[in-house]
Amino acid sequence: MKRPADSPGTGAAATGTAATPRRGWMSLRRQLLLSLLGAVLGVFLLGSLATYQLTRSELDEIMDYHLRQLALSLRAPMYGPQQEPGLGPDDQLFDMVIQVWDEQGLRLYLSRPHTALPDRAQLGYATVPTAEGDWRTYSIVLGTRVIQVAQPMSHRNRLAAAAALRTLTPLLVILPLLAGLIWYLVGRGLRPLERLARAVGTRRPDSLAPLAAAGVPDEAQPLVHALNGLLGRLDQAMSAQRAFVADAAHELRTPLAALQLQLQLTERAVTEDERRSALADLRLGLQRATRVVQQLLTLARQAPDAETSSGLADAADTDLAELAALVIAEMQPLAEAKSMDLGADRLDPATAPGNREALRTLLGNLVDNAIRYTPAGGRIDVSVWQDDTHAWLEVADNGPGVPPAERERVLDRFYRRAGQDQPGSGLGLAIVKAIADRHHARLVLDAAPAGGLRVRVALPRTAWRDVVAAEDTSGNKPPPQP
Amino acid sequence: MRLLLIEDDPMIGAAVQRGLRQEGYALDWVRDGSAGLLALTTPAAGGEAPYDLLLLDLGLPGKDGLTVLGELRAAGNPLPVLVLTARDAVAERIRGLDAGADDYLVKPFDLDELAARVRALLRRRAGRPEPVVRQAGIVVDAASHAVSVDGEPVKLSAREFALLQALLEQPGKPLSRAQLEERLYGWGEEVESNAVEVHIHGLRRKLGTERIRNVRGVGWFVPREA
Chain A
3 MKRPADSPGT GAAATGTAAT PRRGWMSLRR QLLLSLLGAV LGVFLLGSLA TYQLTRSELD
63 EIMDYHLRQL ALSLRAPMYG PQQEPGLGPD DQLFDMVIQV WDEQGLRLYL SRPHTALPDR
123 AQLGYATVPT AEGDWRTYSI VLGTRVIQVA QPMSHRNRLA AAAALRTLTP LLVILPLLAG
183 LIWYLVGRGL RPLERLARAV GTRRPDSLAP LAAAGVPDEA QPLVHALNGL LGRLDQAMSA
243 QRAFVADAAH ELRTPLAALQ LQLQLTERAV TEDERRSALA DLRLGLQRAT RVVQQLLTLA
303 RQAPDAETSS GLADAADTDL AELAALVIAE MQPLAEAKSM DLGADRLDPA TAPGNREALR
363 TLLGNLVDNA IRYTPAGGRI DVSVWQDDTH AWLEVADNGP GVPPAERERV LDRFYRRAGQ
423 DQPGSGLGLA IVKAIADRHH ARLVLDAAPA GGLRVRVALP RTAWRDVVAA EDTSGNKPPP
483 QP
Chain B
248 MRLLLIEDDP MIGAAVQRGL RQEGYALDWV RDGSAGLLAL TTPAAGGEAP YDLLLLDLGL
308 PGKDGLTVLG ELRAAGNPLP VLVLTARDAV AERIRGLDAG ADDYLVKPFD LDELAARVRA
368 LLRRRAGRPE PVVRQAGIVV DAASHAVSVD GEPVKLSARE FALLQALLEQ PGKPLSRAQL
428 EERLYGWGEE VESNAVEVHI HGLRRKLGTE RIRNVRGVGW FVPREA
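As they're listed, the protein sequences go chains A and B.
Mapping of the first sequence onto the numbering used here: residues 3 to 484, in sequence order.
Mapping of the second sequence onto the numbering used here: residues 248 to 473, in sequence order.
These are computed hints drawn from the structure, not numbers from a lab.
A hint or two may mislead.
Computed Cβ-Cβ distance ranges for the label pairs, DEER-style [said to hold, decoys possible]:
| # | chain 1 | residue 1 | chain 2 | residue 2 | range |
| --- | --- | --- | --- | --- | --- |
| 1 | B | P290 | A | G453 | 39 to 47 Å |
| 2 | B | V337 | A | G345 | 51 to 59 Å |
| 3 | B | T288 | A | G379 | 36 to 44 Å |
| 4 | B | G323 | A | R303 | 51 to 59 Å |
Keep in mind the model is a prediction, meaning the values are calculated, not measured.
The beta-carbon is built from N, C-alpha and C at its ideal position, and this holds for glycine as well.
Here chain B stands alone, though its shape is the one from the complex:
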């Protein structure tokens, strides 16, 4: 899952970036609205939408947050947007939600609550309202990061977990290495050239080799349940 954060305060931005990366998300952080819009309209590898979710601060220098949101929606972009702001008055909340935001969090906010709301929005986007994912004998609880295979609990690293989640998004559909890298790493994060293979190997070891299939020259996928 790749997220974009548009936030001008250096401390809040750094903390949110670190906190959400710890949850296994790839997160890019820009400081103003114009840079944000640019990032949102630049397609990712494979022509996909670059981001799965936008975290938007309203009090931005230059282009205001609501303006960014307005332009996004006017262009028909259905990206889920979670607004983060210090403006807490009811009238302001209504304004933000009516402008196209999907959720509204007031500063100061709890990091865990932010993570939970992000998960909720991502679930809805994937059309999968149930928080626990079951597929081919694998059970994944996104909130607690608990994973079990055929009833046996399995411990995964943060990267492995993120990788598994990415693969379970669309079972049966292979994802290339580039696509997986996009989902796992934000700008400025160091990526070793074979990092993806290493993590795939780790996952196969823990889940069972047949649970992650490889299509030569295309990518990897988790097979759908029959």
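Same shape as in the complex, but just chain A:
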């Protein structure tokens, strides 16, 4: 099978001519043609055979009748006892042999010499085997004579076959005509499919408009509908992707602008102190840019973009208490750098289906967020527990918190609260939300008892099928019990 052209979307080059699928055994046209022509041929053959046989037997009857007529017509006793055969002027008699005997069995007449026919007769019709092949005879007693007319079967057969074949001639002429007609009609019938295939094939890769359903035969309608559904979903997914990429590119400008300026300041630096200071700023700028890019990649990997009911590829039961302990340990150095107290408030056993790495990123981002936006010397508590329906993750800090009005917006991509001195990408909580969505989990942001921000994640413990079914019918997620 030919491969389609490798380079995507080079305008006019990427048209339907790139890959014409070879007509394989699955070809509808080939199947139709073969079966139809085969059926027609079969019927024709049967018909021809039947016609042939019928014609033959008809001819046989006629020839037998002929024999009898001839025999009857010879009853006139116009010949006497002679051994020498006479030659009849009628050419037709040439292949027939006439024998006449009297009542004593004495042959009175033999129309042709050197015949292999036996010198006796069976009355009525008979087929007599001789050294020259079979002969068809008819013998009759007329008055005192026995008259026999005989004709070689080979000749009869030849005549009969020739006549029968002649009756078939019109059929043989018709057959190719019929084949041609079938070929044309099948082609025409399949043309809407070819039109459809061309319409899809000449589509530009960025054109996801639905296919026209008008003028498409009923049998192809379901296919067209399904294709249009797919195109719609693709369009959605691609739009979401485009929006994400545009957002990301825009957001990268700020860290890059800072890097540009910091580099130029480094170039301008004259004294060693200036240079050192400028390079330190440059390093921080680079760290920030790197971080933004990493966060973008993480976010891109999480976002399913269109259907969230597809869920995660490999969701296994995850031990959340153990995961939380791990994340707390990993984040210790960051917390210590700001003299913060990062620890677990309550780590009850809790399991829920999920992707371990994704959940680790989720927890990590929540703790990182808390460390970043809580002043030095603050305290961050991580908790894990479960109830009948959900497993809960919680991160609470005693920082300034987030006012209720902003709690929704803070989960948006690239949203950063006013007056932030801390360098950040604005993506941390967006990533948390994306991962929570993929796990069909619910996010709750409210005020911590200590005054800062408290983020809770409710992971369903039941099979996601049921959660998705409940989501689909009601349109909202079923609220978890707090």
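Since the structure of chain A is already known, use the hints to place chain B on it.
Just chain B now, kept in the frame of chain A:
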């Protein structure tokens, strides 16, 4: 020359501040639109306008940059405004310029280009389109910071250069010490109490005493060419 920068990103703001201060400008930096508007409407010493130019980022928290610009222009403030932003689409540029901006620079931008555009806007404001200033035998090229007196090149420190530029803005018009300090130093910069006198002294030494005249109790000026 005193500039105001309204920019919320800490790294970009710090870098622009440092870079433009190196060029000899006094630069104040605020993080949001409301603080910026407040700074713009607070008059400086002597009742003058506090700033010669505004560098405005559009993507600000709270009050958006375009809103700030709109309010500024609606109040009839003719201050030159250079917009700095990541929004690069043509439609956005048109919007910014039509809202009252005098120039539009897209992030990431080159620091030297920023400085050049600032100079261009300041020249236009001073009604002096020619980039090289000649006055009383002094020739000053603002772009290269090259100064010559009667044909002889003279080397000036950044502060001295800024001081000379301030004096050459309006030759014949004396500027007080307070006014000169405003033009030379931004918020948070350390100013020794006699810094201005020290720099005036340095300038007189390099340019010639008669080129910078003092009016007792009023200030200093560069005399106009006769």
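Right, here's what the structure says about each hint:
1. B:P290 - A:G453: 39 to 47 Å: 41 Å, holds
2. B:V337 - A:G345: 51 to 59 Å: 53 Å, holds
3. B:T288 - A:G379: 36 to 44 Å: 38 Å, holds
4. B:G323 - A:R303: 51 to 59 Å: 52 Å, holds
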